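Got chain L; can you put chain E on it based on the hints?
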Amino acid sequence: DGGITQSPKYLFRKEGQNVTLSCEQNLNHDAMYWYRQDPGQGLRLIYYSQIVNDFQKGDIAEGYSVSREKKESFPLTVTSAQKNPTAFYLCASKASGGPDTQYFGPGTRLTVL
Amino acid sequence: EDKVVQSPLSLVVHEGDTVTLNCSYEVTNFRSLLWYKQEKKAPTFLFMLTSSGIEKKSGRLSSILDKKELFSILNITATQTGDSAIYLCAAPSGGYQKVTFGTGTKLQVIP
Chain L
211 DGGITQSPKY
221 LFRKEGQNVT
231 LSCEQNLNHD
241 AMYWYRQDPG
251 QGLRLIYYSQ
261 IVNDFQKGDI
271 AEGYSVSREK
281 KESFPLTVTS
291 AQKNPTAFYL
301 CASKASGGPD
311 TQYFGPGTRL
321 TVL
Chain E
-9 EDKVVQSPLS
1 LVVHEGDTVT
11 LNCSYEVTNF
21 RSLLWYKQEK
31 KAPTFLFMLT
41 SSGIEKKSGR
51 LSSILDKKEL
61 FSILNITATQ
71 TGDSAIYLCA
81 APSGGYQKVT
91 FGTGTKLQVI
101 P
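Which chain is which? The protein sequence lines are L and E, in order.
Position one of the first sequence corresponds to residue 211 (my numbering), numbered consecutively onward.
Position one of the second sequence corresponds to residue -9 (my numbering), numbered consecutively onward.
So that you can see chain L by itself, here it is in the shape it has in the complex (with noise of 0.2 Å):
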């Protein structure tokens, strides 16, 4: 079963903590990416990765940090200098050379208490 998989679903988190957010996907794409979205709006851009040990800045990037050591696998840390960090973050992948469709996980609520 191709899939794209986003662990924990929710998580809590102290003030000044880092935390990471788990992406895998399965579906063999090359490019990788990490949104953010607030209660009832769109999704802003934080990291996206067009290929292993290679990723770009996208709109939002302040306060987060990403690695791409494996294909497969586009962890998102959550900083103590993310300012707001309380939000839904959804992952997503798509294939390099097909169609522009992105696969989305189903996401994960980051609380900080």
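Some hints could be false.
Said to hold, decoys possible - Only pairs whose alpha carbons sit at most 20 Å apart, straight line, appear in this in silico EDC-like list of lysine to aspartate or glutamate: (1) Lys219/L - Glu29/E; (2) Lys30/E - Asp248/L; (3) Lys280/L - Asp240/L; (4) Lys57/E - Asp310/L; (5) Lys46/E - Asp310/L; (6) Lys88/E - Glu225/L; (7) Lys(-7)/E - Asp248/L; (8) Lys47/E - Asp73/E; (9) Lys88/E - Glu282/L.
Hints were generated in silico from the structure; no laboratory data involved.
Values in this document were obtained by computation on a predicted structure and should not be read as measured data.
Same frame as chain L, now just chain E:
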């Protein structure tokens, strides 16, 4: 800077009404525009448009692209409560893998 703007931001209609959602875009080396529906969690794909003037249809939903005026519309006829969702449009930047999403339109269909 790439930009995708949707309107209206939110909409409340009665079952049976027809709605039109708008998406305008300014992206580098445009190649396609995509529509997604988001009900609870993960957005699901609706349409991908690459050519002007060619309508894509799926049941009560249809969409069209105008590359001259840089916009797309999504029409939903005979709306049902199950159509209640956030509708997102997105445009990849040609030559790169960056994808920019719009602000979304939150549609609520009431019985």
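Quick check: which numbered hints come out false for this structure?
6
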